[in-house]
Structure formats: C-alpha cells, structure tokens
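Participant: The lines below spell out each chain.
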Amino acid sequence: MSDAESPTNPNLNPGAQTDDFEAVEVFPESTDMDLRPGADNCYKCTACDVSCPVAEVDDEFPGPKFQGPEQWRLKRKDDEPVDDSIMSCSNCMRCDDACPSGVPLSQMHNTARGEYVEKEMDKLSREYIRNRILANYGTLAQLGSMFPRLTNAMMGNSLVQMVNEKVLGITSERDFPAFATQTFREWWNERGGPKVRSEEKRVAYFHGCYSNYNTPEVGKAMVRVFESFGYEVVVPKQRCSGTPMFANGMLEDAKRAAGINVENFSGLLNEGYDVIASCTSCSMSLRQEYPELFDIDGIKDVSEHTYEALEYLRIHENLEDELREVSVDDQSFAYHAPCHARNQGLDRQSVELFRELDGVEIEDVGDSCSGISGTYGWKEEKYDKSMQIAADMFDHMEHAQGDVGMTECPTCSMQMEHGTGYDIKHPLQLLEEALV
Amino acid sequence: MAITDDVLVIGGGIAACTAALSAAETGARVRLLAHKKSTLRQASGLVDVLGYAGDEGPFSDPYAGLDALPEDHPYHIVGEDGIRDGLRLFDEAVGDAYQGGHTDTNALVMTHGGAVKPTARYPESVAPGLASSSGDMLLVGFENLTDFDAPVAADHLTAAGVPFSVRGVTLEFPKSFRSDAKVTRFAKALDRDESVDGGTARSVLADAIDAELDGETRVGFPAMLGDDHDDEVRDELADRLGVPVFEVPTGPPSLLGLKLEDMLFDALDEAGVRISAGNPAVDFEAEDGRIETVIVDQKSRRTPYEADQIVLATGGLVGKGIDSDREHITEPVFGCHIPHPEDRYEWSEPEAFGSHAFARFGVVPDDELRPTDEDGAVQFENLRAAGGVVGGADIAREKSASGVSLSTGAVAGRLAGEEATQ
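The listed protein sequences correspond, in order, to chains A and B. Numbering-wise (the UniProt record's numbering), the first sequence opens with residue 1 and increments by one. Numbering-wise (the UniProt record's numbering), the second sequence opens with residue 1 and increments by one.
Hints should not be assumed to be uniformly reliable.
Claimed, not checked - Distance condition first, Cα-Cα at most 27 Å in a straight line; then the derived DSSO-like pairs of lysine-lysine:
| no. | chain 1 | residue 1 | chain 2 | residue 2 |
| --- | --- | --- | --- | --- |
| 1 | B | Lys-188 | A | Lys-166 |
| 2 | A | Lys-119 | B | Lys-117 |
| 3 | B | Lys-320 | A | Lys-44 |
| 4 | B | Lys-175 | B | Lys-188 |
| 5 | B | Lys-188 | A | Lys-44 |
| 6 | A | Lys-379 | B | Lys-188 |
Derived from the structure by calculation, the hints contain no laboratory data.
Given only the sequences and the hints, what does the whole structure look like? Please build it.
Facilitator: So this is what it looks like as structure tokens:
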C-alpha cells in the first residue's frame with residue numbers, strides 16, 4: 001500500500017498520547033485524504049511515464065507523473081481545476097508498480113478523476129451519460145441477463161451497435177459480450193448452495209459481474225475446485241467491485257457498491273471465511289482501492305482477507321504436488337497477465353503452476369498491456385488507442401505456440417479474443433479440468 | 001502451507017538476478033522475490049568492476065586495483081575468482097548484446113555528460129563510441145531530448161584530452177513530439193521507421209546528419225536508437241551514413257538499463273527461476289537462528305514464502321534495501337546490523353563528491369557473505385547478502401557498483417544453492 005494517508009477518521013488522533021512531543025498543525029484539519037506525503041516522494045525520474053501504456057500511444061496524454069504528484073502540487077496552491085486529460089488514464093495502475101519511490105500514483109489518479117467528474121463534468125453530456133452506463137455495467141448486465149437471448153440478439157444487431165456508437169459513443173467495432181442463459185447465481189441457487197460444509201476451510205466467493213452474467217463457467221469452476229479441496233464455499237449478495245467506477249471517476253457509485261460489499265463480506269470474516277475472487281481487478285479493488293479511497297467500517301479487514309482464487313490455493317494447499325500427479329488432454333496456451341494481476345504480484349503464477357501440469361504447454365506472452373482496460377476500450381474515441389496498445393500483445397500471442405489464450409481478466413480476455421480470434425480460458429477452468 | 005522453494009532471493013536488480021542464476025546452476029529450485037521494477041531502469045546499462053580505489057586510478061586492469069581497496073571491501077571476501085564468476089554469469093545471460101568479455105582491460109566509455117568512465121562490459125551499441133578507440137566523433141543531440149546536450153558533451157570530452165576531435169550538433173528529430181516526450185517515443189518511431197515529412201524517420205534522420213558530417217568517422221546519439229529493432233536501426237543509419245553509429249548511455253529512464261533488465265529476466269526464465277514480483281518482503285519468522293518464513297506484504301495482506309536458504313539482494317539506499325531516518329540506518333526486512341556513527345553529521349562530508357561514510361553503509365558480511373551482528377557473530381545461519389545492501393564499498397567513487405553486485409550475487413547464490421541441495 002502507498003505511503004499516503006487513507007481517508008482520515010476524525011475521531012482518531014494517532015500518536016497523541018504516546019509521547020510528549022507536541023505537533024504543530026501546519027495544514028488545516030480535514031477529513032479529506034492527504035496525498036501530500038506521497039507526492040513529496042516523487043523525484044521526477046519518469047519511470048511511471050515510461051511504463052504507461054496510454055502515454056506510449058497518445059502524444060496528447062501528459063502521463064502519470066503529471067496526473068499524480070504534479071497535479072496534486074498545482075492544486076494545493078490555488079484551487080486549480082483538475083486537468084481533463086485525467087479521463088484518458090485507463091487505471092491500469094502500472095505506474096504504481098514502476099515507481100521506485102512509493103508515490104501512490106493510482107490513488108492520486110482515482111482521486112483526481114473523481115473530483116474532475118464531480119466538479120467539471122456536465123452531468124447531461126453524452127460523455128458523462130455514456131461513462132455512467134459503462135461504469136455501471138453490473139446494473140446493465142442485470143437487466144440484460146433477464147432475457148439473455150433477446151439481449152444478445154439485440155446487442156449483436158448492427159443497427160443497435162450503430163446507434164450505440166452515434167448516440168452514446170460506445171464503439172461499434174466490438175461485439176457485446178454474450179449474456180449467459182443462466183447466471184452463476186441462478187445456477188448456485190438451483191444447486192442449493194454449498195455441497196461441502198466445513199468448520200475450518202471456508203471461503204466467501206466474490207464472483208463480480210462478469211462471471212455472474214457472462215461467464216458463469218468460471219464461477220462454477222471456482223466452486224468445484226474449492227469444494228474438491230474440502231472448502232465450504234458461500235456466495236454472499238454483492239455488487240460490482242467498483243473497478244469500472246473508479247476508472248470513470250464515479251466515486252459515489254463506487255462507494256455505495258463498496259459499502260454493500262464490505263457489509264456483506266466483513267461479517268463472514270469472524271466466522272472464519274476468507275474472501276476469494278476469480279477476477280484480478282475485483283481482488284485488486286477490494287485489496288487496494290477500497291482502503292485507499294474509502295473510510296468504511298470493516299474495510300481494512302476485508303482488504304486483509306481478500307485473495308485471488310489461485311493464489312489462495314497456492315498458499316493454503318499443496319497445489320503444485322496435486323498438479324504434478326495429474327494430467328489433462330494436450331493443449332497449448334498463450335497466457336497474458338492482466339495489469340491488475342501484475343500489481344498484486346500474481347502475473348507469473350499461472351505459468352509457473354501449469355508448466356508442471358502434464359499435457360499443458362503454456363507461454364507467457366510478455367508484459368504488454370491488453371489495452372482494453374475495462375471500459376476504456378469500449379469508448380468510441382478510445383477504441384483505436386486501445387487497439388494500438390494491444391498490438392504488441394496480439395503479435396506476441398500469434399507468435400506463441402499456444403492456440404488458446406489464457407488470462408484472469410474478463411476484459412483482457414475480450415480484447416485477446418477480439419484481436420486474435422482465439423478462445424480464451426480462465427486458469428480456474430484448466431484447474432477444474434485437471435483436478436475435479 | 002506457504003509457497004516453498006530451496007532458495008529465495010529477495011530483490012530484482014543485478015545482484016538478485018545473478019544470485020538467482022548462480023543458485024539455479026547448483027540445481028536448486030530458486031525463486032526471485034522482487035518488489036517494484038528494479039533500479040536497473042535508472043541505471044546506465046554499463047557494467048563497471050573497478051575504476052578507482054582510494055587515490056589510485058583510473059585502472060586499465062580492474063583486478064590490479066583490488067589491493068588498494070580497504071580491508072572491509074566486499075571484493076576481499078569474494079576475491080578475483082568471485083568477480084570472474086559474476087562476469088561469467090553476466091556474459092552468459094546477455095550473450096552478444098554486450099562486449100568487453102574478450103579482455104580483462106577496462107574500456108573507457110563516455111557518459112552523457114561527456115565524462116569518461118572505466119567500465120568492464122558495455123552494450124554492443126555503445127562499442128563504436130569508446131573513448132579508448134580512435135576516430136573523430138560527431139555527437140548528435142535533439143532539441144526535445146534535454147538529457148543529452150551534444151555540444152556540451154563534446155566540449156567536455158575534448159577537455160578530457162581524448163586523442164581525437166569531437167564535435168556536437170543539436171538537430172530537430174524528423175518527427176515532432178510533445179516537448180517533454182519520453183525517450184521511448186523516439187525509440188519507437190525509429191523502431192517502426194514511422195513515416196515523416198520527406199520519407200521515413202530513419203532516412204530523414206540520416207539525411208540531416210549526412211549534411212552535418214564533416215569528415216568524422218563515427219556518429220554518436222543518446223541511447224534512443226530503437227528498442228525492439230535496435231540492431232536494424234543502427235545498421236540502417238550506419239549504412240546510410242557510411243560510418244559506424246553508437247549510443248551514449250543516458251540517465252533515467254535509461255533505455256539501455258531497461259533492455260538489460262529484460263535480458264536478465266529472460267535469462268532467469270530460461271534457467272527455470274520462478275519469479276514473484278510486485279510486492280515487498282516486509283517481515284520474517286525465525287527459529288533457532290534460521291529464517292523459516294519470509295513474509296510478503298501482498299497489498300496489505302501477509303503472504304508467507306518458505307525456503308531453505310535466503311539471499312538478501314534488496315539494494316542500497318537508493319534501491320531501498322537500506323533505510324534511514326534522522327538517527328538510524330536500518331536494514332528493513334531482517335533488521336540486520338548496519339554499523340554507523342551515532343552522530344549523523346559524521347555520515348557525510350561537506351563536499352558533494354567527498355568520501356562519504358553513508359556511501360559505505362551496509363551489512364557486515366562474514367566470509368560466506370552472511371550478515372553479522374554487533375559482536376561479529378552470524379545473524380542468521382541461512383541468510384546471505386549480495387549487492388548494494390552489503391557495506392564496505394564506495395561504489396560511486398570506485399565505479400564498482402555492478403561488479404560488487406555481480407560478484408557477491410554469484411558467490412552468495414552459489415553458496416545458498418549448494419547448502420540447499422546438499
């Protein structure tokens with residue numbers, strides 16, 4: 001986590017009783033986040049700018065260093081408005097990983113974007129409405145999946161796609177992800193919830209929107225794999241993790257969703273449950289963005305108990321040995337690590353694990369960004385940039401031995417499929433094939 | 001359960017990569033545990049072994065200077081064999097991309113400021129620009145690349161007394177970018193040979209330089225001549241100009257450093273080293289003087305990693321392997337002992353380039369590179385240190401940073417690997 005402060009709780013005054021030192025209040029007391037300590041760490045080495053996939057293709061984008069520490073300093077002096085280029089940041093969070101100095105770049109970007117949207121953006125503008133719709137994909141998906149076949153037919157209709165592009169600014173170049181005929185939650189209820197009960201081994205599944213509405217097979221794989229290891233799996237009610245909301249500066253929406261998620265999951269922690277996510281952006285959000293941006297009861301606890309599914313098994317089970325003893329039908333994968341997996345240190349685990357699995361060839365296609373970054377690549381004006389960013393990844397995938405793609409991130413997988421025509425699997429699906 | 005390996009190397013720079021490669025050679029199962037992207041991105045990409053010691057130097061033979069180093073210098077622990085082993089691992093890892101391995105002699109490479117420094121290994125693209133080889137030189141800088149001022153660098157080089165003439169010119173890059181464009185943007189334009197007014201990036205650039213050439217027999221650029229297709233870019237420019245072209249290592253973010261980082265990580269992959277990057281090691285659990293578990297802060301959650309042997313290669317003050325506040329110098333992961341004067345005014349000298357005490361701060365290794373405590377006893381039986389976290393070397397003054405990292409990495413990695421596979 002960053003050196004910067006999380007939102008301060010006004011009731012706390014840390015350190016006040018511990019020594020005689022009397023601190024002088026330099027800045028007025030505030031319940032806002034104080035990013036100054038983090039900003040001061042920036043020594044302008046531009047390592048962040050060099051790692052920014054957007055800056056690489058967009059000459060107009062001033063880069064993470066400007067968006068973060070420089071903008072923060074400008075703002076402290078006068079009440080400067082947030083620069084509108086902040087909306088071009090795709091929230092891939094690569095700058096966090098590149099910074100040698102612990103500057104909380106993505107936290108600054110999220111904060112700045114939230115302020116920009118709140119103060120500068122016309123709430124009746126096409127861009128705002130479009131972004132709001134994209135950011136609230138979960139709500140959209142909920143409606144869409146009520147009549148999945150109808151929605152799928154409609155969204156695949158070229159006329160509808162043209163209207164989407166002209167009226168809303170959602171690119172017509174992409175095919176809308178198909179809604180599953182049965183959502184994960186419907187399947188879960190139909191099967192009657194958990195099949196395994198355990199006092200010791202318990203996980204609460206954060207499925208997120210995508211594996212619920214679009215790829216329930218990933219959620220099912222997650223349940224079956226964990227149950228095969230003797231885990232009791234529960235699936236609490238949940239909202240969107242907030243990732244698309246952060247990326248679009250819809251911090252109020254994100255806070256509402258976070259509040260519900262934290263409330264529904266934090267109670268389970270006392271009963272011995274850990275939180276598991278199958279989407280690396282969801283786990284990133286719960287782990288890092290929630291405590292960085294919001295002050296909600298229990299938020300830190302949830303953050304500290306959240307794991308990505310494969311990561312959890314690696315830590316708590318002897319997954320390597322299990323995989324060494326089994327085999328699957330011959331198959332060959334081109335694996336792409338999502339940026340948000342990279343930021344959690346999970347970018348190598350699938351390759352590392354499946355290399356040991358008999359029948360599987362797996363190759364890491366390198367550290368290029370997929371460029372779609374959730375809702376970013378769905379925006380009409382960003383589509384071309386998103387494809388330019390992805391060019392390296394497409395190239396590496398085509399040169400890789402594998403003819404099936406693999407990734408943990410739903411939108412990376414959309415982009416991989418869009419650019420190469422490959423089928424894309426989630427690591428949990430391969431794990432299910434191997435172990436269940 | 002924890003994630004378990006034979007050898008766990010903590011760090012992501014030259015020392016850590018070398019230690020991991022060295023340990024992997026023993027047959028051990030090795031994991032590299034890196035936090036952020038390494039400081040290689042800020043480094044020149046040059047590999048120095050020893051240029052100066054005390055008042056002596058520059059050395060043309062780095063090994064000849066070993067005797068002039070202070071007693072507590074890490075080179076005295078690893079010896080000439082350790083240095084040679086580190087260089088061997090490096091040469092194997094980077095292959096043809098680096099030169100200098102054919103000789104024990106230091107090469108004199110120019111820096112972007114126009115100074116000359118003795119170095120043991122240098123990227124292939126730097127080779128034609130060695131100050132130790134002859135041929136008049138034209139240096140080319142660009143308006144937008146403010147890190148390299150070609151006329152100033154040329155003047156400095158001339159003042160340093162090189163036996164050839166040097167001239168610097170500042171040109172417009174054929175394609176105009178924003179005024180603070182990143183060096184990678186220039187590199188990509190040349191990589192892709194993007195179309196520009198009057199042709200393509202490479203051809204228009206070559207034409208502009210050709211018009212400037214006045215009998216010089218080599219042309220130098222800041223390190224920006226392509227990224228993925230750098231050989232192609234250099235070959236084409238040299239071909240069009242009829243003289244060799246070379247790159248001058250630059251400051252951060254350094255393309256040569258970035259490329260070196262990629263090469264080392266590819267070599268790790270090839271050697272079967274497992275890599276976990278993105279999160280810092282913050283804590284540990286020990287029993288009976290042995291480290292049992294290293295705790296990694298995975299976004300505020302603690303993940304355990306187990307290994308039989310540990311190599312600490314987290315870097316020095318810049319790499320954050322050594323931490324400081326106004327009273328203390330500490331090693332933040334294992335709390336290893338780092339001797340330092342109590343009065344912090346004794347940590348540094350008044351002169352900027354003086355012989356600062358802080359430059360030599362670091363853990364005190366025993367003859368197996370195991371950090372020792374105040375009484376000289378080994379702190380943890382299965383912990384070794386390598387690179388910038390090891391005290392005793394003044395790498396900036398000695399021009400020994402990479403050599404210290406390579407040699408201590410090679411020795412610590414080998415000892416750890418042998419111990420773990422016994």
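Participant: Now tell me, hint by hint, if it's right for this structure.
Facilitator: Hint check:
A C-alpha spacing of about 33 Å is found between Lys-188 of chain B and Lys-166 of chain A, which places the hinted pair above 27 Å, so the restraint is violated. Pair hint Lys-119 of chain A plus Lys-117 of chain B does not hold up; C-alpha atoms about 53 Å apart against a cutoff of 27 Å. A C-alpha spacing of about 17 Å is found between Lys-320 of chain B and Lys-44 of chain A, which places the hinted pair at or below 27 Å, so the restraint holds. With a CA separation close to 11 Å, the supplied pair Lys-175 of chain B and Lys-188 of chain B stays within the 27 Å bound.
Proposed proximity of Lys-188 of chain B and Lys-44 of chain A is supported: the alpha carbons are some 22 Å apart, at most 27 Å. Annotation: proposed proximity of Lys-379 of chain A to Lys-188 of chain B holds, straight-line Cα distance about 25 Å (limit 27 Å).
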